[in-house]
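Read top to bottom, the protein sequences are chains A and B. For the first sequence, numbering that gives the first Met the number 0 assigns the number 0 to the initial residue and increments by one for each residue that follows. For the second sequence, numbering that gives the first Met the number 0 assigns the number 0 to the initial residue and increments by one for each residue that follows.
None of these hints come from the bench; they were simulated from the model. Don't be surprised by glycine CBs; every beta carbon is placed ideally from N, CA and C. Any given hint might turn out to be false.
[Said to hold, decoys possible] Between beta-carbon pairs, the in silico distance windows are:
#1 B/4 <-> A/182: 17 to 23 Å
#2 B/83 <-> A/134: 33 to 39 Å
#3 A/138 <-> B/36: 48 to 54 Å
#4 A/147 <-> B/66: 20 to 26 Å
[Stated by the list, open to error] Computed cross-link-like contacts, EDC-like style, restricted to lysine to aspartate or glutamate with a CA-CA straight-line distance of at most 16 Å:
#5 A/197 <-> B/17
#6 B/58 <-> A/155
#7 A/63 <-> B/10
#8 B/43 <-> B/90
#9 A/138 <-> B/85
#10 A/192 <-> A/175
#11 A/247 <-> A/27
#12 A/197 <-> A/91
#13 A/63 <-> A/27
#14 A/197 <-> A/155
#15 A/139 <-> B/3
#16 A/141 <-> B/17
#17 B/58 <-> B/17
#18 A/141 <-> B/85
#19 A/145 <-> B/85
#20 A/63 <-> B/2
#21 A/138 <-> B/90
#22 A/138 <-> B/10
#23 A/229 <-> A/176
#24 A/229 <-> B/10
[Claimed, not checked] Here are a few chain B residues that face chain A, going by a calculated C-beta distance under 8 Å:
#25 15
#26 61
#27 69
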Amino acid sequence: MKEYKCIYAILDSDVKSSDHKPEIMGLDSSPVYFVGFRDISAAVSNVNQDKMKVSSDIAFSYEKIIEDLWMKYNLLPMRFGSVMKNDTNVIEIMKKNYSDFIDNLKKVENKSEFGLEILCDLNKTDFKTDNTFNLNNYKKLKQLDKNSVYRNYLIDKLKQHKSEDSFMKKIDDIIEEIHSPLKKLSYLSNVTKMVTTKIILNATYLVKNDMKDEFIQTTQQIKREKKDLKFLLTGPWPPYNFVNLSIK
Amino acid sequence: MNDDKIIIKSESIDEIAEELEKVENALPNRINADPDNVEHGLAKLVLTLIELIRKLVEKQSMRRIESDSLTEEEIERLGETLMKLENKMSELKEIFGLKDEDLNLNLGPLGDLM
Numbered sequence: 000m001k002e003y004k005c006i007y008a009i010l011d012s013d014v015k016s017s018d019h020k021p022e023i024m025g026l027d028s029s030p031v032y033f034v035g036f037r038d039i040s041a042a043v044s045n046v047n048q049d050k051m052k053v054s055s056d057i058a059f060s061y062e063k064i065i066e067d068l069w070m071k072y073n074l075l076p077m078r079f080g081s082v083m084k085n086d087t088n089v090i091e092i093m094k095k096n097y098s099d100f101i102d103n104l105k106k107v108e109n110k111s112e113f114g115l116e117i118l119c120d121l122n123k124t125d126f127k128t129d130n131t132f133n134l135n136n137y138k139k140l141k142q143l144d145k146n147s148v149y150r151n152y153l154i155d156k157l158k159q160h161k162s163e164d165s166f167m168k169k170i171d172d173i174i175e176e177i178h179s180p181l182k183k184l185s186y187l188s189n190v191t192k193m194v195t196t197k198i199i200l201n202a203t204y205l206v207k208n209d210m211k212d213e214f215i216q217t218t219q220q221i222k223r224e225k226k227d228l229k230f231l232l233t234g235p236w237p238p239y240n241f242v243n244l245s246i247k
Numbered sequence: 000m001n002d003d004k005i006i007i008k009s010e011s012i013d014e015i016a017e018e019l020e021k022v023e024n025a026l027p028n029r030i031n032a033d034p035d036n037v038e039h040g041l042a043k044l045v046l047t048l049i050e051l052i053r054k055l056v057e058k059q060s061m062r063r064i065e066s067d068s069l070t071e072e073e074i075e076r077l078g079e080t081l082m083k084l085e086n087k088m089s090e091l092k093e094i095f096g097l098k099d100e101d102l103n104l105n106l107g108p109l110g111d112l113m
């Protein structure tokens with residue numbers, strides 16, 4: 000079976016010397032070791048090709064390895080399945096992307112990622128949307144023949160459209176009330192609205208380590224105020240969602 | 000996810016897990032190319048895309064009516080077109096044995112297509 004180098008993370012410390020051994024086992028029970036280039040290093044281990052098959056167990060193991068490394072070093076997590084033929088190829092990657100790696104490492108230094116999901120059960124929530132529809136606001140439509148099926152069809156569609164717009168406005172207001180105070184406490188944030196019809200907010204926050212407690216307390220306070228919503232705050236995570244680079 | 004990573008949670012997170020699974024399954028990973036039902040699989044994919052475009056056209060049409068930028072004739076023609084489009088979609092869904100939920104797509108900020 001052919002062996003590859005699995006890359007878990009890029010580290011900003013020069014840890015290639017034998018004094019630094021992570022003492023962490025990789026995916027294939029091979030020890031993780033460092034390959035260095037200038038003042039950065041890659042955490043790698045030998046793996047057989049079949050150990051990189053996608054499964055939730057392997058993905059969790061991969062995440063755990065990154066997590067263990069993150070406890071000791073500032074790092075950029077690599078995407079699951081990042082493999083190279085040999086150490087020389089790993090060094091080549093670091094050489095080609097050195098400045099991007101450095102920029103991203105500086106950005107995430109001394110920071111942690113938090114994930115926030117907000118779920119709103121619209122059937123149970125008292126959600127007062129504006130369902131008033133006044134045909135007088137649409138004079139040209141009103142002037143069409145009252146017996147026209149097309150006129151009545153459009154009126155129904157407009158009512159539906161107005162109701163949906165009103166609903167989205169309410170959702171935007173709720174999201175703003177949650178996101179705004181958390182954004183102030185974070186260094187960077189990513190927000191996705193209405194991931195599904197129930198998950199109204201899926202956000203990730205990059206928070207300075209000395210702000211973590213305040214961030215968690217503020218989220219707890221918001222949860223207490225928003226009794227109709229369900230909260231899931233997870234973390235601290237390595238900065239999975241705040242690394243912006245395209246590997247050359 | 001390890002429980003020690005959960006800092007704050009409402010009583011049950013099962014609902015959130017179920018919802019996140021919906022996102023993962025928003026689009027089929029592949030078209031079922033089994034010779035016996037390739038037509039059905041392809042029809043489902045094509046009709047989903049047509050329905051997405053139809054919904055977008057409908058939304059844009061409502062905005063045009065709201066902005067008062069259409070004449071009475073244009074509004075009436077628009078109503079006729081949108082109604083016929085919707086009826087035609089219903090016919091096609093029936094022909095291929097598809098229900099509304101079969102043509103669902105998660106559209107992020109727009110919510111589900113259906």
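How the hints compare with the structure:
1. B/4 <-> A/182: 17 to 23 Å: holds, 22 Å
2. B/83 <-> A/134: 33 to 39 Å: Between residue 83 of chain B and residue 134 of chain A, where Cβ atoms are some 23 Å apart, the hint is violated.
3. A/138 <-> B/36: 48 to 54 Å: Because 51 Å falls inside the window, the suggested range holds.
4. A/147 <-> B/66: 20 to 26 Å: With Cβ atoms ~21 Å apart, the hint holds.
5. A/197 <-> B/17: holds, 10 Å
6. B/58 <-> A/155: This hinted pair holds, its Cα atoms lying about 13 Å apart.
7. A/63 <-> B/10: violated, 26 Å
8. B/43 <-> B/90: holds, 13 Å
9. A/138 <-> B/85: Cα-Cα ~25 Å, so violated.
10. A/192 <-> A/175: holds, 11 Å
11. A/247 <-> A/27: Measuring from Cα to Cα gives roughly 27 Å; hence the hint is violated.
12. A/197 <-> A/91: Judged against 16 Å, a Cα distance of about 45 Å means the pair is violated.
13. A/63 <-> A/27: Holds, at roughly 13 Å.
14. A/197 <-> A/155: violated, 25 Å
15. A/139 <-> B/3: The given pair, whose Cα atoms are some 61 Å apart, is violated under the 16 Å limit.
16. A/141 <-> B/17: violated, 45 Å
17. B/58 <-> B/17: With a Cα-Cα distance of about 29 Å, the restraint between residue 58 of chain B and residue 17 of chain B is violated, given a limit of 16 Å.
18. A/141 <-> B/85: Given pair residue 141 of chain A, residue 85 of chain B is violated - Cα atoms ~22 Å apart, limit 16 Å.
19. A/145 <-> B/85: Distance of about 21 Å is beyond 16 Å: violated.
20. A/63 <-> B/2: holds, 13 Å
21. A/138 <-> B/90: violated, 33 Å
22. A/138 <-> B/10: With Cα atoms ~50 Å apart, residue 138 of chain A and residue 10 of chain B exceed 16 Å; violated.
23. A/229 <-> A/176: holds, 15 Å
24. A/229 <-> B/10: holds, 8 Å
25. 15: holds, 5 Å
26. 61: holds, 4 Å
27. 69: With a closest approach of 7 Å, the residue 69 of chain B hint holds.
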